[in-house]
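Line by line, the protein sequences are chains A and B.
Residues 1 to 251 in my numbering are what the first sequence spells out, letter by letter.
Residues 1 to 245 in my numbering are what the second sequence spells out, letter by letter.
Incorrect hints may have been included.
[Stated by the list, open to error] In silico SDA-like cross-links for lysine to any residue, where the CA-CA straight-line distance does not exceed 25 Å:
(1) B/Lys-239 to A/Gly-48
(2) A/Lys-103 to B/Gly-242
(3) B/Lys-33 to B/Tyr-188
(4) A/Lys-121 to B/Phe-102
(5) B/Lys-140 to A/Gly-48
[Stated by the list, open to error] Computed far set for chain B versus chain A, every beta-carbon distance over 10 Å:
(6) Asp-27
(7) Val-94
(8) Leu-149
(9) Leu-164
Just so you know, these hints were derived from the structure itself, not from any lab.
C-beta: ideal position from N, C-alpha, C; glycine also.
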Amino acid sequence: MSTSTWTPDQPIVSLTDVHKSFGNLEVLKGVSLDVMKGEVICIIGPSGSGKSTLIRCINALNDIQSGSISVEGQQVHDPDLDKLELRKKVGMVFQQYNLFPHKTALENIMMAPLLVLKQDKVEVEQRARALIKKVRLEDKEDSYPGELSGGQQQRVAIARSLAMNPDVMLFDEVTAALDPETVNEVLITIKELAADGMTCILVTHEMGFAREIADQIYFTDRGIIVEHGPPSTFFSQAKDPRTKEFLQQIL
Amino acid sequence: MEAIWEFFGWLYEVHGINLTIFYDELDRARFLKGIWTTIHLSFISIVISILIGIAGAWLQMSRLIWLRRVVQGYIQFFRNTPPLIQLYFFYFAVDAALSSLFGINGGILDGYGWAVVSLSFFAGAFNVEIFRAGVEAVPKSTVEAADALGYNRLQVYRYITLPLAFRVCLPALNNNLINLLKTTTVAYAIAVPETIYVANQIWSDEYNVLEMMNVVWIIYIVLVGFLVWLMHKWEKSIKIPGFGQ
């Protein structure tokens, strides 16, 4: 397989002409993008433009009709693909946090390394406690998700993902369901992660945050990537009228 | 103890209320054994029927359509026929068929064994549907989070879906297990010496139908009450703080 040929100077995530339909509805109409290791990219665009679908395809939560997606050189939609291998590399954080409600914060973080990676319990617990600390929830280790605020739950969800030591993190509108006052605590966590060199792909509506954190901004509309560029030029010198209109509405 | 026995002897002699199970050693022994039989027959059938429910709900999620159809067929068969007929079917027909198939004399299982099999399958069919409803109530997004973390299908079911489904479907499960306990009385029909069977023996010998009927009422009220109490305790113990209120 092509896995062995990947080197860090090649894109860690690469989409080529990806098409995806739900029934008759074509959601992605030929999307291509490359992400280098350590890069932070933000995908913005109006609702229904296929942003979430796009990143869900990257860890095979959605299948695709044509085109190709690779992560570290491995074809994501290869039928022979070991999904476990893919999901070890790619972490994902969801809009609705999706924590396991019957497990404490600490257990939520520890479960996957124990069950999926079959790692040693003592070592996993040490790492989980370190991660809880990293997302500033030291005193919430034994709380159940139902006892935490949205922002706290989302930070546990980020820690849960990080416990698998992924190479790439996907963030699917992770602040969209949060109260305004808790948005920041989650954004700070992501910012620190990006500063540590984690490759991050974010779908977001937080333009200020995107401008601050992103290396590249991609604007999607009706299933295609309309244009992209670094934040320094993207916000001020958008070329496409659709991008301009969108930016006018939200900025 | 002696005083209690004497009291019931007196109750019979003076008032004509004949509760031999309290003052006659033989009756007391066989009646207690009958209750004990009801208890373990219920317990074993409950455990097996829950296992059938868990396995059946898992198979219902299979991608293989014929497998889902087999489970559906099983459910329809056991839900749409009377438990007494199921018991007769196992005890007479299945036993005879299997005996001749394997050339065994005297049957594969005794009455008790077939009662366990029949009652477990009967309640299990309902449990499959109960668990399936619970499984369907677990948000797809929660399962997706586990998928994204690399859990395989069995791990998702065992550690995420099932524990959450259990909490949703416990009231329905509760009802079905109560029903199962009460349905163990059909074992009477194939001479399994459970509560009703021994009560019948006693009232045939002692002509105290009225007294024994009352005792039997009370026995079942207590047994079912105990099961309900146990299930509520369980329900409380797995309650998640901040979830489902």
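For each hint, the structure was consulted:
no.: 1; hint: B/Lys-239 to A/Gly-48; verdict: violated, 38 Å
no.: 2; hint: A/Lys-103 to B/Gly-242; verdict: holds, 11 Å
no.: 3; hint: B/Lys-33 to B/Tyr-188; verdict: holds, 14 Å
no.: 4; hint: A/Lys-121 to B/Phe-102; verdict: violated, 50 Å
no.: 5; hint: B/Lys-140 to A/Gly-48; verdict: holds, 20 Å
no.: 6; hint: Asp-27; verdict: holds, 49 Å
no.: 7; hint: Val-94; verdict: holds, 40 Å
no.: 8; hint: Leu-149; verdict: violated, 4 Å
no.: 9; hint: Leu-164; verdict: violated, 6 Å
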